[in-house]
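Peer 1: Use the sequences and the hints to build the structure in full.
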Amino acid sequence: QAMRTPSRNEAGLELLMEYYNQLYFLDSRFFPPNKSLGVFFHWLVQLSPSHLGHHKQGGRARAEPPGYQELLPRAGAFNYLKENFSNAPSLDMSGASLNMLVRLMIAQVQECVFEKMTLLRAQHDFLARLQLAQEAARVEGAYSLVHQTMTQAHVKDYVPFSWTTMVHVKSEHFKALSHYFAAIALCDCPAASDAELPEHEKAFIQFHVTMPEGPSLRVLLQDPEERRKLGKAHLKKAIMKHEEAMRIHGLCKILRKMDILQEVLSFAHKRSLSKYSEIDHEEDFFETGDAPDILPKTHQKPEIKSPNFSQVKVTDLFHRLGPLSVFSAKNKWYPARRVHLRRGENGFGFTLRGDSPVLIAGVIPGGCAAEAGLKEGDYIIAVNSKDCRWSKHAEVVQLLKSTGEEGVEIIVITLQGSEGPKAADKKTAAMSSCSGMLKSNKENNRKSLMNSKSASTLLVWSKKSKRSKKSTYGVPFTAVGDNEVMY
1 QAMRTPSRNE
11 AGLELLMEYY
21 NQLYFLDSRF
31 FPPNKSLGVF
41 FHWLVQLSPS
51 HLGHHKQGGR
61 ARAEPPGYQE
71 LLPRAGAFNY
81 LKENFSNAPS
91 LDMSGASLNM
101 LVRLMIAQVQ
111 ECVFEKMTLL
121 RAQHDFLARL
131 QLAQEAARVE
141 GAYSLVHQTM
151 TQAHVKDYVP
161 FSWTTMVHVK
171 SEHFKALSHY
181 FAAIALCDCP
191 AASDAELPEH
201 EKAFIQFHVT
211 MPEGPSLRVL
221 LQDPEERRKL
231 GKAHLKKAIM
241 KHEEAMRIHG
251 LCKILRKMDI
261 LQEVLSFAHK
271 RSLSKYSEID
281 HEEDFFETGD
291 APDILPKTHQ
301 KPEIKSPNFS
311 QVKVTDLFHR
321 LGPLSVFSAK
331 NKWYPARRVH
341 LRRGENGFGF
351 TLRGDSPVLI
361 AGVIPGGCAA
371 EAGLKEGDYI
381 IAVNSKDCRW
391 SKHAEVVQLL
401 KSTGEEGVEI
411 IVITLQGSEG
421 PKAADKKTAA
431 MSSCSGMLKS
441 NKENNRKSLM
451 NSKSASTLLV
461 WSKKSKRSKK
471 STYGVPFTAV
481 GDNEVMY
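No gaps in the numbering here: position 453 of the sequence shown is 453 in the numbering used here, and each next residue is one more.
Calculated from the structure, these hints are not laboratory results. Take the hints with a grain of salt, since some may be wrong.
[Claimed, not checked] Distance condition first, Cα-Cα at most 27 Å in a straight line; then the derived DSS-like pairs of lysine-lysine:
(1) LYS332 - LYS392
(2) LYS301 - LYS82
(3) LYS202 - LYS236
[To be verified] Listed next, with one range per pair, are the computed distances between beta-carbon atoms:
(4) HIS299 - PRO190: 20 to 28 Å
(5) THR151 - PRO190: 39 to 47 Å
(6) ARG338 - PRO33: 29 to 37 Å
(7) PRO224 - GLU199: 17 to 25 Å
Please read all numbers here as calculations on a predicted model, not as lab measurements. We put the beta carbon where it would ideally sit given N, CA and C, even for glycine.
Peer 2: Below you can see the structure in the form of structure tokens.
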């Protein structure tokens, strides 16, 4: 029930991540990868303005832009859904819609970076004004991309008209701001000195998409009249874009009700008009040219933060079933078998390998284990009613060692397809051959045992202190692999 109504805070986010992490275990445990049917969900999708925007507060300069840290994780979440979710039950979760939402988050992040720069940059520094203009151009480019995505066929009918209009208004507004700050840099900032000129030239070469027509760059930067002419052209374009933003704003009834938005657009427009009137001279007989577009550039490129599901640790609800690498839906098992073993003079007659669960790596033909029905490839899941799915190798060995005269009852399961009949026959034949070699030439086998390079540890449990003639110490090393122990 808590999962259906998570709280809107960090605890709610952790609950959602915990739930999501449990889905991995659920899917791996019970849904085979080769089957199309997976976990079935009833999706309840809801996107509200709190998911899509950020309420800006205050005007103090901070280390990070307002909303920066909040919007990037949202972009990462939408991007994660886009890359990992298929068969969308609604347009909210379609790839086109999620792509649009990711771009919308990035555009707002870029706007936050611009707002930060307006608070930190010096008012009359030429290079700072150029950077502000390029940041505004970058925001305009981001919102233009969002607007293009919103007007695509698969998204156009789904996205509210007010959203599309708002994004279009912002695109035109920030384009106007980029030209306004370019004009401020040219008209309000002092001309470059000889010492500053190389740095200003380098910045100005990378400022416009195409270089403006007129005098050389050196003359343009040092001649106040040439700077005023180019600044006037930028202001003219800024005013045109401000008016276009206000026109688009007036087309939407919902946006017209937003007084604060109308005030922002009107203030920016009046500011550009005032500056244009200030630098416009009656004796200007030249025709104001068309200012080139400004090359977008940012000093803080946003990086999408994908959800970090590992930060919320969860315990598998089905932990008691055993390790997921073995006890999962990708494996098929034969029914569990109960096997009763009595230890003979030569031990149980099998080799063990691995942990959690311990694997029967080999069974000696004619031994106690073979007669009881144990097979190579069986997994020991219980010893004398004690669950051993998660038991280490040494723990299982200790349980087997502690058996008395009555023997031991173990429960084993076998993986289907773990070893084909032919492979099993070959293994049995090899072990039978080794046993025959032992009987016919015991001394040669003892010598081979002493000279072997890949010596594995061999253990035999026997009531007698001395090895009998049929001791498993005589089995050649070719019958026991590395990291295997014989019992």
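Peer 1: If a hint holds in the structure, say so; if it does not, say that too.
Peer 2: Verification of the hints:
1. LYS332 - LYS392: Judged against 27 Å, a Cα distance of about 23 Å means the pair holds.
2. LYS301 - LYS82: holds, 21 Å
3. LYS202 - LYS236: holds, 25 Å
4. HIS299 - PRO190: 20 to 28 Å: holds, 23 Å
5. THR151 - PRO190: 39 to 47 Å: holds, 44 Å
6. ARG338 - PRO33: 29 to 37 Å: Distance hint for ARG338, PRO33 holds at roughly 31 Å.
7. PRO224 - GLU199: 17 to 25 Å: Holds - the Cβ-Cβ distance for PRO224 and GLU199, about 19 Å, lies within 17 to 25 Å.
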